[in-house]
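Enquirer: Protein chains in written order, with the working numbering: chain B, 119 to 374; chain D, 10 to 163.
Note that these hints are calculated values from the structure, not bench results.
Keep in mind it's a predicted model, so treat the numbers as computed, not measured.
Yeah, the Cβ is synthetic: ideal placement off N, Cα and C, and Gly gets one too.
Hints are supplied without guarantee of correctness; some may be wrong.
[Said to hold, decoys possible] The following label-pair restraints were derived from C-beta to C-beta distances:
#	chain 1	residue 1	chain 2	residue 2	range
1	B	127	D	100	42 to 48 Å
2	D	155	B	126	37 to 43 Å
3	B	308	D	27	19 to 25 Å
4	B	366	D	155	17 to 23 Å
5	B	180	D	109	34 to 40 Å
6	B	126	D	33	35 to 41 Å
7	B	256	D	27	18 to 24 Å
8	D	154	B	234	35 to 41 Å
9	B	230	D	157	43 to 49 Å
10	B	306	D	23	46 to 52 Å
[As the list claims (entries may be wrong)] In silico DSS-like links for lysine-lysine, alpha-carbon gap of 25 Å or less:
#	chain 1	residue 1	chain 2	residue 2
11	D	28	D	138
12	D	36	B	364
13	B	234	B	351
14	D	142	B	371
15	B	362	D	36
16	D	36	D	142
17	D	138	B	261
18	B	261	D	142
19	D	146	B	364
20	B	362	D	146
21	B	371	D	36
22	B	371	D	146
23	B	261	B	351
24	D	138	D	36
25	B	351	D	142
26	B	261	D	146
27	B	364	B	351
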Amino acid sequence: MQDYPNNIVRRPKAAISDYSINIFHLRNPVVVAWWSLVYPGFGHLRMISIAKGMFLFIGELLINTQAHLNVAIMYSFTGNFAMAKQVLDIHLLLLYCGILIFAVWDSYRVALEINKFSVLADHEYAPIVPMVIGSAGLNSYEKRNPWVAVAWSMLMPGAGHLYTMTLMSAIFLMVGGTVIVYFSHLLPAVQYTALGQYSLAKEVVDWQWLLNMPSFYCFAIYDAYAKTVEVNKMFDQEQAQFMKNKYQSPLFKMPR
Amino acid sequence: MYLVASFHHNLHTEIAIAKVEQLGISKEQILAVPLEKRGETRNIFDTIHHADGVSMFDGGAILGTACMVLGVIYGFVLDWGPIIWGLLGLGSGFLVGFLLDLLFTRVKHSQERRYEQDGELFILIHCDKEQVKEVEKALWDHLALGVAILPTAN
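Isolated chain B (complex conformation) (with noise of 0.2 Å):
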C-alpha cells in the first residue's frame, strides 16, 4: 500500500511543467466532435488528451494517404465519380470509417467527462502552482494576446502555441505542418499564384496532401487562441486564489 498525504489534491484545475500546460475547463462537447469530425485526433488535442490526439492524428493520415481517400473526395466533390471510384485504394479505406468514428465518439464522451472534472476541480479549489522552471526551461502563467497567437498560427502553424508555452502542441503542429507542406507541394503554388500563373500552381500541387492544408491550418490557429484564452483565465485564477489567501486578514481594520 501506498501512503498518501493527507493534503493530496484529488481535482486538481490544472498541471504546468517546463513542457507544457493542460487545464480543466469547460469545453463544448459538440465544438470538440466537431474537430474530430474534420480530422480524428484534433477534438483529442483540443482537450487535454495530447498523447491520444497525436496517436489518431497520425493514424488518419497513414489511411487517408494510403487510400488516397482526399483525392477521391476532390473528385467526387466535382462531379467526376469514375475518377473518384478508380483512385481509391481498398486495402484500408474500410479502417477509415472505425478511426473516424471512434475519434468523433470518444471526443464528445471525454469533453462530457472533462467537463465534470472542472466542474469538481473548482469545488475543491486546490492550490494553484503558478510557475515552474525546470531542466527543459520556464513555465508560467502569463498575460498573452491571443490575437498575437493568431498572428503568429498564421505565419507558421505551430507558433502561436510555442508563445503560449504549450510545448506538445506547438511540436506536433511543428512537425506535421511541415511535413504536409512539403509533400502537398504548397509553397512552389503559392509562388505560383503569386506570379499570376494559376495553371501551374494546379499542375505542380500533390491534391492527396494539400487538402489536409485546410484543417490543420485552420486548427492551429484555432487551438493557439483557445489555448491563450485559457492560460489568461488560469493566471486571473491563481492570482485571485494568492490575493484571497494572502491579503484578506481578519486583522484588517475595516472603515467605519
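Since the structure of chain B is already known, use the hints to place chain D on it.
Expert: Just chain D now, with coordinates in the frame of chain B:
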C-alpha cells in the same frame, strides 16, 4: 486613511502590492478583493456551452475550415486555382460564421466585454496620512485602473 484601487489581474498588480509592502505597510493593512469571474464557478449550467471564452471564435473557425476545404477542392476546376479559392473560402466562411455567432450571442457577449473592461480586483489599503502620497504613486505606477482616497477620522 484608506486607499482604494482597482486593477486587472496582471503581474504588475503583484509588483504594486510588493512595492506597497516595501513602503512599510504590513499585509494586515492590505485587503485584496478579487471579483468572482462571470461564468467561471457560478452559473455552470448557463454557461457550459460558452464557458471557455472562445465561442466568438467557434463559428468562424467552423465555417472557415469548411469553406476553405471547399475552396481548395473547387479551385481544382476554377480559374484561379486552389490557393486563392482556399483563402477566399477561409475568409468568407470565417466572416459569416463570426457574424452568425455574434448575432446569436450578442447580448451575452456585450455583457462579457463590459466586464472585461472593468476592474477585476479591488485593493483596499489602510495607512497613515503621511504615507498616502507614496502609496498612491506606487499604485498608479503599476497600472492601477483607478485610485481613490478615503479620509477617515482616525
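Enquirer: Which numbered hints does this structure break?
Expert: 3, 17, 18 and 25
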